[in-house]
Amino acid sequence: MDVQIEKLTKTYGPQTAVNNISFDVKTGEVLGFLGPNGAGKSTTMKMITGFIGIEKGDIRIGGKSVTDTNGDFKQHIGYLPENNPLYLDMPIMDYLEFCASLQGVEKAKINSRIREMIGVCGLDREKHKKIGELSKGYRQRVGLAQAMIHDPEILVLDEPTTGLDPNQIIEIRKLIRDLGKEKTVILSTHILPEVEATCDRILIINRGNIVADGTPETLRKQAQGNEVLKLQIEDGDTGNILESLNALDTVATAAIIGQEENLFEVQSMADTSSRRKIFDLCVEKKWVLTQLTPLETKLEDIFRNLTLN
Amino acid sequence: MYTILTIAKRELATFFDSLIAYIILGLFLGFSGFFTWLYGNDIFMVGQANLRVFFNIASWSLFFFIPAITMKMLAEERKTGTLELLLTKSVSDRQLILGKFLGSVLLVCIALLATLPYVLTVASIGNLDNGGTLCGYLGLFLLSIAYTAIGIFASSITTNQIVAFMTALFIGLFFQIIFGVLAQNLTGNMGYFFDTLDLQSHFESISRGVIDSKDLVYFLSITVLGLYLGEWSLSKRHIS
Numbered sequence: 001m002d003v004q005i006e007k008l009t010k011t012y013g014p015q016t017a018v019n020n021i022s023f024d025v026k027t028g029e030v031l032g033f034l035g036p037n038g039a040g041k042s043t044t045m046k047m048i049t050g051f052i053g054i055e056k057g058d059i060r061i062g063g064k065s066v067t068d069t070n071g072d073f074k075q076h077i078g079y080l081p082e083n084n085p086l087y088l089d090m091p092i093m094d095y096l097e098f099c100a101s102l103q104g105v106e107k108a109k110i111n112s113r114i115r116e117m118i119g120v121c122g123l124d125r126e127k128h129k130k131i132g133e134l135s136k137g138y139r140q141r142v143g144l145a146q147a148m149i150h151d152p153e154i155l156v157l158d159e160p161t162t163g164l165d166p167n168q169i170i171e172i173r174k175l176i177r178d179l180g181k182e183k184t185v186i187l188s189t190h191i192l193p194e195v196e197a198t199c200d201r202i203l204i205i206n207r208g209n210i211v212a213d214g215t216p217e218t219l220r221k222q223a224q225g226n227e228v229l230k231l232q233i234e235d236g237d238t239g240n241i242l243e244s245l246n247a248l249d250t251v252a253t254a255a256i257i258g259q260e261e262n263l264f265e266v267q268s269m270a271d272t273s274s275r276r277k278i279f280d281l282c283v284e285k286k287w288v289l290t291q292l293t294p295l296e297t298k299l300e301d302i303f304r305n306l307t308l309n
Numbered sequence: 001m002y003t004i005l006t007i008a009k010r011e012l013a014t015f016f017d018s019l020i021a022y023i024i025l026g027l028f029l030g031f032s033g034f035f036t037w038l039y040g041n042d043i044f045m046v047g048q049a050n051l052r053v054f055f056n057i058a059s060w061s062l063f064f065f066i067p068a069i070t071m072k073m074l075a076e077e078r079k080t081g082t083l084e085l086l087l088t089k090s091v092s093d094r095q096l097i098l099g100k101f102l103g104s105v106l107l108v109c110i111a112l113l114a115t116l117p118y119v120l121t122v123a124s125i126g127n128l129d130n131g132g133t134l135c136g137y138l139g140l141f142l143l144s145i146a147y148t149a150i151g152i153f154a155s156s157i158t159t160n161q162i163v164a165f166m167t168a169l170f171i172g173l174f175f176q177i178i179f180g181v182l183a184q185n186l187t188g189n190m191g192y193f194f195d196t197l198d199l200q201s202h203f204e205s206i207s208r209g210v211i212d213s214k215d216l217v218y219f220l221s222i223t224v225l226g227l228y229l230g231e232w233s234l235s236k237r238h239i240s
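Residue numbers (full-length UniProt numbering), protein chains in the order written: chain A, 1 to 309; chain B, 1 to 240.
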């Protein structure tokens, strides 16, 4: 089921939380929603899940506007809110049963769904405890279990892996990836490696505006611009090497970054690569090229560039 | 309807899981039992086999205990954020309000059922007026749903349970006493107006055994209005 967001706007008094944003999420896509605190991620998620009203614009879920239907669309959405609110005085099993029946799961299927979710979320050992007795990580698992209990076509997860231990994080990421093959997943997070590990597409939002939209690779390419190489050359004089590097016609700038180890950083001209030229140069001068690493722009840098202004 | 029942069932289960139900039932029975059987102008002073004294006392104890039942209904959901969880499931604002209302009313009904031994006791002493007793219970039920609706509304406007409790008592106070006092002190149309608003006079006329459509309309209006205002106050989150 696709989610289409069209010119969505939401203001809180004088503050614009979400400013005229539009994007689509297709079935089988995991969308990572990134942004600094207060960027409008949660507000957008609250509007998608129908908790707060839409001020301007429209959200279509499976082609139908959420304002047309009388809340029927909520059945197709599984939502894990930020801070993971739960009824602490309820036992896990009762809570999942409650959620399942509210989401309209058939009575006959409720028990098997609960069993499945308890298995998937690794709650088997704790299943008879009250939610209030659980540690933070286990509560997070209960939150995920309630979001998925009715096998929704769309999953909206606001920071799904907070509080989980590293093993569980890997399991949950894998789970999200698997779910993302058939379902539509929108997840928000602050953890950038998580986005790379789980998402097909990244959407960076800052002060209510979308500032970047694309796969991790395309974002990197956009941000990177020119090729940057780090190289180490042995058996040569540092000054001599630097001179020769600068003389290459594809090199824009070359600089020494490690005097003793003969480490250099070379930036090429736009749309060119200096790798072959450097190799040829070394062969010609009988230098030994011990290291040649293309420097990738990290997602962190992209994020900082786009959101720090 | 199924959704409403699910929510009401959870409320009731939470009450009985967390001792609140037992404390409230105990206090209600203790309070009304004490004043009905032991203290002051009690049931033995009337000289008749009826439960008027009890109905009068119970109307007061319900006035105090219903806000204690309803105060956490929505205030706590708001505070812990579970309101977001509920309303993003297939639950409309109205279904949530009605579910909470039904859960509270069921608890009150359990409290009222627990007073059946009073009826049996009085019936064994003398010739009990069955119709009158039934009307008395009907009156208590109608009073309960009105106060529950007020309590739900009070709980919907705040995140603090104490504020919800005090607000419900404050609103209830007008219906329980103030309108009645005003009706006594004013004459003419104003007196009539406040007499119409006074809950006690409507309650007494029902518990006396007269079921008048005017009284039914009165109690049901308060209930519907309270629940409607509660729903309205929930829906305000969409525009803020």
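Rather than coming from a laboratory, the hints here were simulated on the basis of the structure.
There may be inaccurate statements among the hints.
Once the Cα atoms are required to be at most 30 Å apart in a straight line, the calculated DSS-like pairs of lysine-lysine come out as [what the hints assert, rightly or not]: (1) B:K236 <-> B:K9; (2) A:K107 <-> B:K236; (3) A:K136 <-> B:K79; (4) A:K109 <-> A:K56; (5) A:K26 <-> A:K56; (6) B:K214 <-> A:K136; (7) B:K79 <-> A:K127; (8) A:K109 <-> B:K236; (9) B:K72 <-> A:K129; (10) A:K127 <-> B:K9; (11) B:K9 <-> A:K129; (12) A:K181 <-> A:K285; (13) B:K72 <-> A:K127; (14) A:K230 <-> A:K181; (15) B:K236 <-> A:K64; (16) B:K236 <-> A:K56; (17) B:K79 <-> A:K129; (18) A:K7 <-> A:K56; (19) B:K214 <-> A:K130; (20) B:K72 <-> A:K130; (21) A:K136 <-> B:K9; (22) A:K64 <-> A:K107.
Derived list of chain A stretches under chain B, where covered just means 3 residues or more per stretch with a C-beta under 8 Å from a C-beta of chain B [what the hints assert, rightly or not]: (23) 82-91; (24) 162-176; (25) 189-195; (26) 259-265.
Glycine residues also receive a C-beta, built at the ideal position from the N, C-alpha and C atoms.
A quick look at each hint next to the structure:
With a C-alpha separation of about 26 Å, the suggested pair B:K236 and B:K9 falls inside the 30 Å cut-off, and the hint holds. With a C-alpha separation of about 34 Å, the suggested pairing of A:K107 with B:K236 is violated against the 30 Å cut-off. For the hint linking A:K136 to B:K79, the alpha-carbon distance of about 19 Å falls within 30 Å, and the restraint holds. Proximity of A:K109 to A:K56 is assessed by CA-CA distance (about 39 Å); at most 30 Å being required, the pair is judged violated.
A distance of roughly 22 Å separates the Cα atoms of A:K26 and A:K56; the hinted pair therefore holds under the 30 Å criterion. Between B:K214 and A:K136 the alpha-carbon distance is near 55 Å, which puts this suggested pair outside the 30 Å criterion. With a C-alpha separation of about 26 Å, the suggested pair B:K79 and A:K127 falls inside the 30 Å cut-off, and the hint holds. A C-alpha spacing of about 36 Å is found between A:K109 and B:K236, which places the hinted pair above 30 Å, so the restraint is violated.
Distance hint between B:K72 and A:K129 is fulfilled; the C-alpha atoms sit about 23 Å from each other, no more than 30 Å. Straight-line distance between C-alpha atoms of A:K127 and B:K9 comes to about 21 Å, which keeps the hinted pair within the 30 Å bound. Taking the CA atoms of B:K9 and A:K129, the gap is about 20 Å. The hint holds against a cut of 30 Å. Proximity of A:K181 to A:K285 is assessed by CA-CA distance (about 52 Å); at most 30 Å being required, the pair is judged violated.
Of the pairs offered as hints, the one joining B:K72 and A:K127 holds, with about 27 Å between alpha carbons and a cut-off of 30 Å not exceeded. Under the criterion of a C-alpha separation no larger than 30 Å, the hint pairing A:K230 with A:K181 is inconsistent with the structure, at around 37 Å. Distance check on the hinted pair: B:K236 and A:K64 sit about 24 Å apart at the alpha-carbon level, within 30 Å; holds. Straight-line distance between C-alpha atoms of B:K236 and A:K56 comes to about 17 Å, which keeps the hinted pair within the 30 Å bound.
Between the alpha carbons of B:K79 and A:K129 the distance comes to roughly 23 Å, so the proposed pair stays at or under 30 Å and holds. Note on A:K7 and A:K56: the hinted pairing holds, with a Cα-Cα distance of about 7 Å set against a maximum of 30 Å. Our distance criterion of 30 Å between C-alpha atoms is broken by B:K214 and A:K130, whose separation comes to about 48 Å. Taken as a hint, the B:K72 and A:K130 pair is honoured in the structure, with Cα atoms around 20 Å apart against an allowance of 30 Å.
With a CA separation close to 27 Å, the supplied pair A:K136 and B:K9 stays within the 30 Å bound. The hinted pair formed by A:K64 and A:K107 meets the criterion: a straight-line CA distance of about 28 Å does not exceed 30 Å. Residues of the region 82-91 of chain A lying with their CB closer than 8 Å to a CB of chain B number 7, which satisfies the three-residue condition for coverage. With 0 residues having a beta carbon nearer than 8 Å to a beta carbon of chain B, the region 162-176 of chain A misses the requirement of three or more and the stated coverage is violated.
Chain B is given as covering the region 189-195 of chain A, and this is violated because 0 residues of the stretch bring a CB closer than 8 Å to a CB of that chain, at least three being needed. By the rule of at least three residues with a Cβ nearer than 8 Å to a Cβ of chain B, the coverage given for the region 259-265 of chain A is violated, with 0 such residues.
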